[in-house]
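Visitor: Using the sequences and the hints given, assemble the complete structure.
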Amino acid sequence: MYSRTYKSLVSLPPLVWVGTFLLLPYALMFAHSLWAVREGVIVHHWNLDNYKALFTNSLYAEVLFRTMRIAASVTLCSILLGYPLAYYLAFHAGGRRELLYQLVIVPLWVSYLVRGYAWKTILGSDGVLNGFLQYLHLTHEPVGYFLYSPFAVVLMLTHIYTPFVFLPIYAALEHVPRPLVEASQDLGANSVQTFWRVILPLSVPGLLAGATLAFVLSLGDFLAPLLVGGPSGTMIANVVQSLFGAAFDWPLGAAISVGILVITISLLFLSEFLEKRWAFQ
Amino acid sequence: MRGATLLALYAVFVFAFLYLPIVVLVLYSFNRGGVGGFPPRHFTLSWYTQLFADSSVWDSVLNSLIVAAASVALSLGLGLLAALALDRADFPGKRLFRRLVLLPLILPGIITGLSLLMFAFLAGVHLSLLTVFLGHSSALISVATTELFAGLQKLDRAQEEASLDLGATPWQTFWRITLPNLKLSLIAAGLLIFTLSMDEIAVTFFLIGRDNTLPLEIWARLRRGITPEINAISTLIFVASVALIVVWYQLRARSLGARSQEFLEQLGEPS
Amino acid sequence: MSASPANPPQELPAESAVLLELRNVAKRFAAVDVLKNISLNIAPGEFLTLLGESGSGKTTLLRLIAGFEQPSSGEIWMSGERLDVLPPYRRRVNTVFQNYALFPHLSACENVAYGLRVRNTPASEIGARVEEALRMVKMQGFAASRPARLSGGQQQRIALARALVNRPRLLLLDEPLSALDANLRKQMQSELKSLQREIGVTFLFVTHDQEEAMALSDRIALLCDGALEQVASPREIYAHPATAYTAEFIGQTNLLRGEIRGGMVTCGALRWPSDEADGPVMFSLRPEAIRICADGKRQASEIKFRAAVRQQFYGGSSELLEVDCGNGQTLRVRVPARGPLAGEQDFVFSLCDATRVRE
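Residue numbers (my numbering), protein chains in the order written: chain A, 38 to 318; chain B, 162 to 432; chain C, 65 to 423.
Hints in this document: simulated from the structure, not taken from any laboratory. Treat each hint with caution, since some may be false.
What the hints assert, rightly or not - DSS-like mimics (lysine-lysine), calculated; alpha carbons at most 25 Å apart, straight line:
#1 Lys-202(C) to Lys-250(C)
#2 Lys-313(A) to Lys-255(B)
#3 Lys-344(B) to Lys-44(A)
#4 Lys-315(B) to Lys-313(A)
#5 Lys-257(C) to Lys-202(C)
#6 Lys-315(B) to Lys-44(A)
#7 Lys-315(B) to Lys-344(B)
#8 Lys-255(B) to Lys-44(A)
#9 Lys-255(B) to Lys-315(B)
Claimed, not checked - Not close to chain B: a few residues of chain C, all C-beta gaps over 10 Å, as computed:
#10 Val-157
#11 Val-182
#12 Ala-227
#13 Arg-249
#14 Ser-258
#15 Gln-260
#16 Thr-307
#17 Glu-340
#18 Met-346
#19 Lys-361
#20 Gly-380
#21 Glu-408
Just so it is clear, CB atoms sit at the ideal spot from N, CA and C, and this is done for glycine as well.
Guide: Set out below in structure tokens:
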């Protein structure tokens with residue numbers, strides 16, 4: 038139905054754009070990771086030194102593992118918050134469901150920076166939380182741990198990514214055919230059993246999708262650590278950022294980025310594969 | 162029913178967690194004593210008056226608006242073509258293309274930002290609002306493509322055939338039938354891209370030149386120290402976001418219920 | 065009388081005795097031959113139905129004529145000119161789509177005016193022609209309505225008006241009544257038939273419903289697995305089906321398999337003389353052609369046989385009997401309603417009602 042001219046006219050501009058501004062830059066990043074820095078200048082001398090450094094220098098491994106721990110904590114907390122919320126909306130909210138759904142979406146539209154900044158003001162030594170605790174005489178001096186710690190990073194990122202995790206879980210729960218739940222109850226299972234044996238397994242693809250997204254995005258986040266992380270809350274993306282900033286070693290930074298890229302894409306493929314396998318429908 | 166009540170309470174708790182920081186933010190923007198301490202006393206609007214007098218903030222707002230508007234235009238244009246291509250054309254590397262288009266959405270922004278920085282550097286292009294614009298468009302074309310592709314899938318192919326059957330050329334069919342049916346998708350995608358561009362930090366961070374966008378202006382001030390002026394502008398951003406989502410939701414309410422539900426599931430794409 | 069699929073292509077008509085000509089048209093999708101060597105002529109002003117099950121290729125054939133697909137081989141000619149090389153918007157052919165495909169963002173009259181507008185018909189003319197088209201389908205009061213506000217039947221009429229307003233040479237209808245409920249269907253069938261007679265446009269109608277085809281058509285083209293089984297008028301195709309498939313698809317029948325030997329046809333318990341050559345043979349015998357022979361007498365041209373009534377299905381004005389002739393041979397007999405029957409009965413049928421069919 039569509040002529041050849043139509044098809045080429047339609048495909049060419051986006052292909053050219055994506056090739057030039059996505060494929061090429063990613064390829065450049067990969068190329069940079071194989072180059073080196075000599076006396077403050079990037080030389081196009083092909084080598085694997087950067088990757089060697091990554092594997093031999095324990096500092097990078099340490100930061101990477103801390104980053105993964107943080108990302109895992111964020112994912113876990115987001116699920117602990119997001120799943121029950123999604124379950125409540127899908128099965129118990131009744132007529133208020135639409136309104137409540139919108140209420141979950143609203144924070145997503147509010148700026149990342151704004152939300153991060155809000156936590157910064159709350160958690161600081163002079164912040165609202167400390168003020169509140171002292172007001173209630175629960176503490177007598179400011180607790181320093183709230184801000185500039187991995188705790189703060191996890192807290193902030195959980196706040197950011199809970200709605201992200203909520204969305205696909207909610208979609209999956211909504212798609213569970215109600216007759217299945219009724220059949221389960223008809224056969225004698227109570228609410229908990231029905232949840233565990235019927236609803237949860239059917240919601241796994243949505244759960245996986247949300248969890249992967251939260252994990253992958255937390256892994257590569259560099260703004261949260263800068264805002265609320267402090268030195269103890271540095272993550273791998275901050276290392277990259279400084280290598281592109283003051284520490285000027287683009288090739289090394291590119292190598293780490295490639296590492297992050299590889300981890301991310303592997304996780305995405307794994308998640309996709311598992312989602313398909315456990316879809317049941 | 163005890164379980165259900167517990168669940169409801171938990172839901173309230175989660176909502177409180179989601180909204181608490183924003184509420185605090187807004188509250189303290191009116192607090193004379195600035196940020197911190199509890200409870201807030203002395204209502205004042207002085208932070209807002211200070212904000213309105215601050216010209217560099219408004220310069221950055223203007224910059225953000227320009228970049229956002231341009232990004233919407235380019236992303237929608239290219240995204241529409243990409244969606245049409247994915248829906249109707251078969252070409253070698255189509256599957257790769259599809260994945261590539263989606264990548265900036267799921268990869269951390271730092272990677273996209275840095276790749277484009279290296280590209281700009283090698284091409285000898287100075288960092289400026291132009292590079293920011295190019296970065297936003299590249300990252301956000303995926304949003305447009307996804308949304309418009311979904312819209313195209315819902316379009317009844319028979320309508321385009323009917324148009325051709327009645328004597329309209331493919332070009333006429335595109336303007337009279339295809340585009341009007343995509344109107345809602347276009348507007349929804351446009352609003353989303355606009356919002357994401359206004360808020361974009363990760364990619365912008367590495368592509369910014371002398372002129373700041375709003376998020377980066379706020380960021381720069383944060384580096385210098387917290388002032389309640391930032392609370393004030395954050396509150397304004399929050400109000401603007403809520404206004405936008407209300408508008409957007411009204412637009413969706415005009416279409417079928419099931420459609421808007423599915424679209425919302427695609428919402429929340431990270432930048 | 066009936067065209068066979070392997071007809072050689074006919075000569076170009078001197079006048080418009082033939083409106084549409086399909087010459088050895090075939091269509092292949094991937095590795096599947098959806099249409100095999102179709103040759104068919106459609107006369108101007110006739111109501112021709114393409115009848116077939118799903119997968120028979122009837123919709124594909126329609127789309128080839130409309131222009132949304134290209135034939136893999138063969139040609140399509142209309143009024144002496146090559147049709148298949150033209151894009152859909154240059155053919156004087158219009159389609160009524162199965163789900164109507166009305167434009168939801170346009171009102172009913174804007175839908176109808178669409179074809180006129182895109183070809184830059186003067187505005188003054190558009191108004192009059194749209195009104196005329198709406199009147200033809202009895203939808204004058206609904207000009208300003210959006211399709212979403214109209215019922216299925218009303219949408220169907222607007223779709224019809226939208227196609228007819230362009231005065232096409234050929235109107236294609238792709239199962240237009242399949243989405244309507246039974247009563248509305250009957251009503252629309254009647255309206256379509258009278259509309260076609262009134263305006264005289266050639267209709268090419270696609271359906272899987274053989275009753276519908278029989279009621280509406282001047283001729284029926286039966287498609288099976290991408291090939292034409294038979295092309296004939298409804299009466300002809302019913303009374304003289306060419307193949308077993310046709311006999312079974314159109315109406316109900318008894319397929320009698322047997323052989324001719326030495327001047328006698330033997331199909332199970334049924335035997336009668338024949339002067340055809342020896343060999344295997346198959347006959348189609350309609351259930352209503354068999355009657356109960358109460359007095360045991362038969363006419364010279366009738367064949368009598370005895371069978372036991374096994375099942376009786378009451379149908380209001382008639383009954384359908386399943387009778388056992390022995391040796392596992394079961395026939396169906398349709399008789400006027402007469403109360404319960406039991407045991408063995410004598411049945412007769414007329415020899416001319418047994419039509420010989422191909423496999």
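Visitor: Should the label of Lys-361(C) as a non-interface residue stand, given a Cβ cut-off of 10 Å to chain B?
Guide: 61 Å, holds
Visitor: Would Ala-227(C) pass as off the interface with chain B, using Cβ distances and a cut of 10 Å?
Guide: The claim is violated: Ala-227(C) sits with its nearest Cβ about 8 Å from chain B, within 10 Å.
Visitor: Beyond 10 Å from chain B, beta-carbon-wise, is Glu-408(C)?
Guide: Consistent with the label, Glu-408(C) stays out of reach of chain B, its closest Cβ about 57 Å off (over 10 Å).
Visitor: Taking 10 Å as the cut and beta carbons as the points, is Ser-258(C) off the interface with chain B?
Guide: 24 Å, holds
Visitor: When you check the alpha-carbon spacing of Lys-255(B) and Lys-44(A), does it fall within 25 Å?
Guide: At roughly 12 Å apart (the allowed maximum being 25 Å), Lys-44(A) and Lys-255(B) satisfy the hint.
Visitor: Please check whether the beta-carbon of Arg-249(C) is more than 10 Å away from every beta-carbon in chain B.
Guide: Non-interface label on Arg-249(C) holds, nearest chain B Cβ at 21 Å vs cutoff 10 Å.
Visitor: Beyond 10 Å from chain B, beta-carbon-wise, is Glu-340(C)?
Guide: Correct as stated: the minimum Cβ-Cβ distance to chain B is 50 Å, above 10 Å.
Visitor: Are the Cα atoms of Lys-315(B) and Lys-44(A) separated by 25 Å or less?
Guide: Holds - the C-alpha atoms of Lys-44(A) and Lys-315(B) are around 20 Å apart, at most 25 Å.
Visitor: For the pair supplied as a hint, Lys-255(B) and Lys-315(B), is the alpha-carbon distance within the 25 Å limit?
Guide: Answer holds: Lys-255(B) to Lys-315(B) is near 21 Å, not above 25 Å.
Visitor: Could you grab the alpha-carbon distance between Lys-315(B) and Lys-344(B) and see if it respects the 25 Å cut-off?
Guide: 12 Å, holds
Visitor: Hinted pair, alpha-carbon criterion (25 Å max): Lys-313(A), Lys-255(B). Please report holds or violated.
Guide: 21 Å, holds
Visitor: For Thr-307(C), which was marked as not at the interface, is the minimum beta-carbon distance to chain B over 10 Å?
Guide: For Thr-307(C), whose nearest Cβ neighbour in chain B is about 34 Å away, the distance exceeds 10 Å, so it holds.
Comparing the model with each earlier hint shows violations of hints 10, 11, 12; every other hint is respected.
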